[in-house]
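J.: Protein chains in written order, with the numbering used here: chain A, 1 to 261; chain B, 1001 to 1374; chain C, 2001 to 2066.
Derived from the structure by calculation, the hints contain no laboratory data.
Just so you know, even glycine gets a beta-carbon here, dropped at the ideal spot from N, CA and C.
Keep in mind that a hint or two might mislead.
[Said to hold, decoys possible] Calculated cross-link-like contacts (lysine-lysine; reagent style PhoX-like; alpha-carbon spacing at most 25 Å):
(1) A:K50 <-> C:K2042
(2) B:K1249 <-> B:K1133
(3) B:K1133 <-> B:K1106
(4) B:K1245 <-> A:K8
(5) A:K22 <-> C:K2023
(6) B:K1245 <-> A:K121
(7) C:K2011 <-> C:K2023
(8) C:K2011 <-> A:K50
[To be verified] Covered stretches of chain C (in silico footprint by chain A; criterion: 3 or more residues with CB under 8 Å from a CB of chain A, positions within the stretch not fixed):
(9) 2009-2021
(10) 2043-2057
(11) 2060-2066
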Amino acid sequence: MSQMLKIKDQVLGSRLFTGTGKFSDTETMVKTIKASGTALVTVALRRFHKDSAADDLYGPLSELDNVHIMPNTSGAMNAREAVNAAMLGRELTESPFIKLEIHPNPHHLLPDAIETYEAAKILVAEGFWVMPYIPADPVLAKRLEDIGCASVMPLGSPIGSGQGIEVREMIRLIVRDSSIPVVVDAGIRSPSDAAAAMEMGVDAVLVNSAIAAAENPEAMAIAFAMGVEAGRAAYEAGLMSRSREAVHTSPLTSFLAGGSV
Amino acid sequence: MSITLPQWLDPLPWIHYSKDAEEGQVRQALDAAAPGEKELSTLLSPAARPFIEAMAQRARTLTRRHIGRTIGLYAPLYLSSHCPGGCTYCGFASDRENERHSLSAKEAAHEMAAMSAMKLDEVLLLTGERTPKFDFHHLKPFIEMAARQFDLVGIEVFPMDEAEYRELAGAGCTSVTLYQETYDAAQYDRYHRWGPKKNYLNRIDAPARALSGGLRYVGMGALLGLSDPIYDMLALYRHARYLQKKYWKAGISISFPRIQPQRGDFQPDYMVDDTYLAQIIFAFRIVMPEVQLVLSTRESQAFRDGMAGVGVSKMSVASKTTVGGYSDDAGYEESQFQISDDRDVETFCEMLKSKDLEPVFKNWDTVYRDGAEY
Amino acid sequence: MQLNVNGEIHKHQGDGSLISLLKEMCARPERTAVMVNGKVVKRVDWDGVQLKDLDDVDVVMFAGGG
């Protein structure tokens, strides 16, 4: 059993976070979330409309045991909108978790680091546990840690792209220097992508599309849970290193031959 | 007196990797993708000694990749030999019957002019522990004087509080070097017989206070020979990593001073021979590829030449360890420790160039800092 | 009373309280969150809110997202 993940004061029983988007129907979504074993699920907000009342996720989500609901700020184009979205979300979840995401470009959906930073400052002051979705930038990650974010969520590659971890070196640096949990969010396509991220020492991964858009989401959720657990266990066990044969052309230590001075 | 090391500093959980290490673990540690405490402990083990050439090769590759074929140069300037401390290993300890002296402003100006004439652009100002004969208000004017002619002004002096560090940063101080000497609290207590330096935790926390106070660089180290080097080097590594995480803008440099038994009357309990010192430095380069690793003129010519660029990336040169030593051949009195490599700057740079290494006198400039506010 | 609800004109038939608007709109108001004139109104404060003609009211609910 791997070490428990803790975000702020909350211990989470799983290192796989899931989303609620792109499912064919609510029943599949609920079955899939249960199968994943997740303890943290993100949800978006939309304007109420009579016709959509039947699809309301509030009931099904509030019936899940041991699952924390984390609203996101998707749709917000700037810091002000994201803060409003977060305030609305907290009214629904009565939980401090907020996934802060601001992606003004509708095509690649890449996060706006500057607006995200501004919104994070305000939300931290308002008592939120801010989980910002960010470009994999080690300096930005530290700046967000400095102002009190609960975690950072760097992207592996663009949302929904399924390209896996395209920014390994940046993620490695973020993990190495971060004192708050690091969650890889976006870009993960397969359980092996998730395992690869976890093997690097990432604290958790957030997977939505890769599960919801699978042929069999419920079965894929189980596969991801195993991938995440395997990756974490491997990280904690300590990976064997790759062999790196040194080329001993001209010995660098001949000056030591005489032993001590 | 017993002190509990804070959890972030305590090296004990990793010591056993060094004791248990065998060839296989050493090979793994050498090739690890993200080396940490375990790998450092393994690379410091006796089992790693036969791998010294492989460690050197790896260290040189990493030094070139992260720092380049360059060696940063600096020299120390002793401001004062007054010291209330009772450090058993130090030539300036208060029970040594040496003549003491603190530089006057005029003398310091001569010293700095002599150093500038040697092309040096980084100076490290040194004093003993805090004493009424040499306190904060004595130190600050020397920093202001040095900042007018050197781009990098470091201090290796007594620990201060955050407000004092902030004031010195404003005066032009760029770095604080403070060796813990030994991280073993019981040994520390034994070696530091009296004086303000007896406070172990105050010294541990000083680099963090310096960084909080706005200093950009901290220099760290432990005096090899005082305690078990594996314990000390693991704690040093943990201390440095803690600071890197907490103060992520900080630049860290690590020095490897050691007591050489044949010089002076203090006999160290732990022997660190040349090969082991080299092993320690290579191990640090492998686990901290991007920090400055420093070797002083305490070490011999042959050792310094061999280590330059192979792990070590910064070196003192043409050092005088007596108060007044640059402008007056005799200096005022006893040195704090004896230097071993007394080559002048030009000769030393020739050696570096012969190894395809570029001497670097200046790698930072105050031009932006001194610019206007918009 | 005419209100601007979720960006559309809404003829309100009730007493003009926020609660009556929410009850008019949806079966389970407790599953929504509300902004009036751009300000989030906390659930505990709903009772006291009286709307005025042409007020902007936004009512949101959960939706699927990642």
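J.: All hints, please: hold or fail.
T.: So, going through the hints one by one against the coordinates:
1. A:K50 <-> C:K2042: holds, 22 Å
2. B:K1249 <-> B:K1133: violated, 35 Å
3. B:K1133 <-> B:K1106: Between K1133 of chain B and K1106 of chain B the Cα gap is close to 17 Å, so the pair holds against 25 Å.
4. B:K1245 <-> A:K8: holds, 18 Å
5. A:K22 <-> C:K2023: violated, 30 Å
6. B:K1245 <-> A:K121: With Cα atoms ~20 Å apart, K1245 of chain B and K121 of chain A stay inside 25 Å; holds.
7. C:K2011 <-> C:K2023: holds, 14 Å
8. C:K2011 <-> A:K50: Status holds; Cα separation ~15 Å.
9. 2009-2021: violated (count 0)
10. 2043-2057: violated (count 1)
11. 2060-2066: holds (count 7)
Violation of the numbered hints given earlier is confined to hints 2, 5, 9 and 10; the remaining hints are satisfied by the structure.
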